[in-house]
Amino acid sequence: MGIPVKLEAFEGPLDLLLHLIDKNKINIYDIPIVVITEQYLDYIRQMETKSLEIMSEFLVMAATLVNIKSRMLLPAPETEEEEAVDPRQELVERLLEYKMYKYISEELKDKQMDASRALFKPPTIPQEIADYREDVDVGALLSDLTLAKLHEIFRSIVKKQVDKIDPIRSKFGKIEKEDVNLAAKFAQIQEYGLEHRRFSFRNLLEAQMSKMEVIVTFLGILELIKIGRIKITQECLFDDIIITYLANDIVQMEEASF
Amino acid sequence: MELKVVEAQIEAILFTMGEAVELERIAGATNQDPETTRKIIHNMMDRYGEEERGIHIIELDGAYQLCTKPQMYEIIIKLTHIPKKHVLTDVLLETLSIIAYKQPITKLQIEQIRGVKSDHAVNKLVEYNLVCELGRMEVPGRPILFGTTEEFLRSFGLQSLDALPIINPEKVEDFKLEAEEEMQLKLDI
Amino acid sequence: MELKVVEAQIEAILFTMGEAVELERIAGATNQDPETTRKIIHNMMDRYGEEERGIHIIELDGAYQLCTKPQMYEIIIKLTHIPKKHVLTDVLLETLSIIAYKQPITKLQIEQIRGVKSDHAVNKLVEYNLVCELGRMEVPGRPILFGTTEEFLRSFGLQSLDALPIINPEKVEDFKLEAEEEMQLKLDI
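Order-wise, the sequence lines are chains A, B and C.
Heads up: the first sequence begins at 1 in the working numbering, then just goes up one per residue.
Heads up: the second sequence begins at 1001 in the working numbering, then just goes up one per residue.
Heads up: the third sequence begins at 2001 in the working numbering, then just goes up one per residue.
Rather than coming from a laboratory, the hints here were simulated on the basis of the structure.
Capping the alpha-carbon separation at 30 Å, the derived lysine-lysine pairs in BS3-like fashion look like this:
{"id": "1", "chain 1": "C", "residue 1": "2004", "chain 2": "C", "residue 2": "2069"}
{"id": "2", "chain 1": "C", "residue 1": "2102", "chain 2": "A", "residue 2": "149"}
{"id": "3", "chain 1": "B", "residue 1": "1102", "chain 2": "C", "residue 2": "2085"}
Negatives, chain A to chain C, calculated, CB over 12 Å:
{"id": "4", "residue": "46"}
{"id": "5", "residue": "222"}
{"id": "6", "residue": "227"}
{"id": "7", "residue": "232"}
Chain A stretches covered by chain C per the calculated footprint, using a threshold of three residues with CB under 8 Å from any CB of chain C:
{"id": "8", "region": "122-130"}
{"id": "9", "region": "153-160"}
Glycine residues also receive a C-beta, built at the ideal position from the N, C-alpha and C atoms.
Make a model of the complete structure from these sequences and hints.
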């Protein structure tokens, strides 16, 4: 297409659908499914979202639209008693409900604006009165509670926890997290130091491949300062920090106090 | 006891406590029955409202609290820095209105209406103390039911949940008409 | 400006500020000269004093403050001594059972099990003396560890925590199998 399209951020699939309906100035009760579906799919294609979860919500809506579209293309089955239900019906109901809440939330926003102009006063209860604490009658509080009941409550929580584990997906392989070897990194910084003697802290961090490596490098530097093997200088606030390697050898991590 | 004395006592109570105080507690402290107390307070509310006063009494779900009248805001900010309340994003407002109208409601039900995951929004609202847990729904999985708090009423200037803006059935009709009027193309399959 | 309006403004200022406010600041905010402001305030002080009011304005070295009248002290004591009704809600029961069985446990761990913020519930249980702090966990942030109190044991007639009913490990296994079967059913459809 070549035309840069500025995508608005939509809160969810219903939000996008409402926008399309609004943009085309069409009646919500009479959505031209074909047109809307095409535009909808178009938007999804242009969407740059890295979150699978968000994307999948939009895709579900797209699938619903395509489903409605196909059902509308098929001849309605001839039934004597029931009147054929418009496949768009459910969608329209959802859209209307959603639109209502969008409207209400605007009303609430105004109310909040007004209400925020009233100011309250913190409690000024004299200290000796504030210090008074009545005893809570634990016995009365627990009167209906038996150990068995407490146990039952805990069991149902445990069951809920177990339910949450998806037995299918939990058996899938894991994406291995990268392994940054602390000891190796520690030695590596010192080797670099032996070779360069004076070097830039910023450059050192920029040379790291991942966030985890940056963190480990930073920890390594801190440790080397602590054991007096390097010193650091900085000309001005927020300037680059210059590291000077003072030692003539390398210590192993075990000797340091990690 | 003389009415004036009781009124003075109620004023002192509300002033000292600062926060909302339940009718029953006020009644207990002033030795009045709750219904009489309620009448006295409402009488005071009217007077505070009519007179040229800088403060008034508001009602929050059967509790009462003293606060400044909104029109005093401009004068007060000249003197003191007023901490900004949490600015609610559209997402949070939308979620909050669903909870306000449909309470008690589960996260799943909210998500069905919004069409998107709402964990983050619900958690934020709980964090802001606008929404709280009401208990559990007795269905498999026992999901948590959410509802609005007293802080919600206060932040939105509502006496009780009955004071929520009404979703008028006519409004639905309006939306429909609006859409029809604006309609320029009526495409059909 | 009308006198009544200035009086209302002064009342609102003193109410919001809580502490003593210097005459000059009040005068500045209300756009009056200090001498006029002083007269207005003293006029208000007289009225508050004469009328049967619960609060009055006091002067402190050229500054003014709203506070309750001394004779209201008793009524505040009475109010704060009215016993509040305490109930163990579902939320509290759940949190208590988790703490009982998983102690020592941090707030974050409780939240992970419940899936929602649980500050309020934990604080209430501490207030009720059913739960207390056991120390801190030696991890970054040093979060507080919670456990049940002696009072908790006493109330249930337990000699020690070992006497708590045990969750059968087999039971957990059963739950897992159940869940797997349910999932399989869904897939088979």
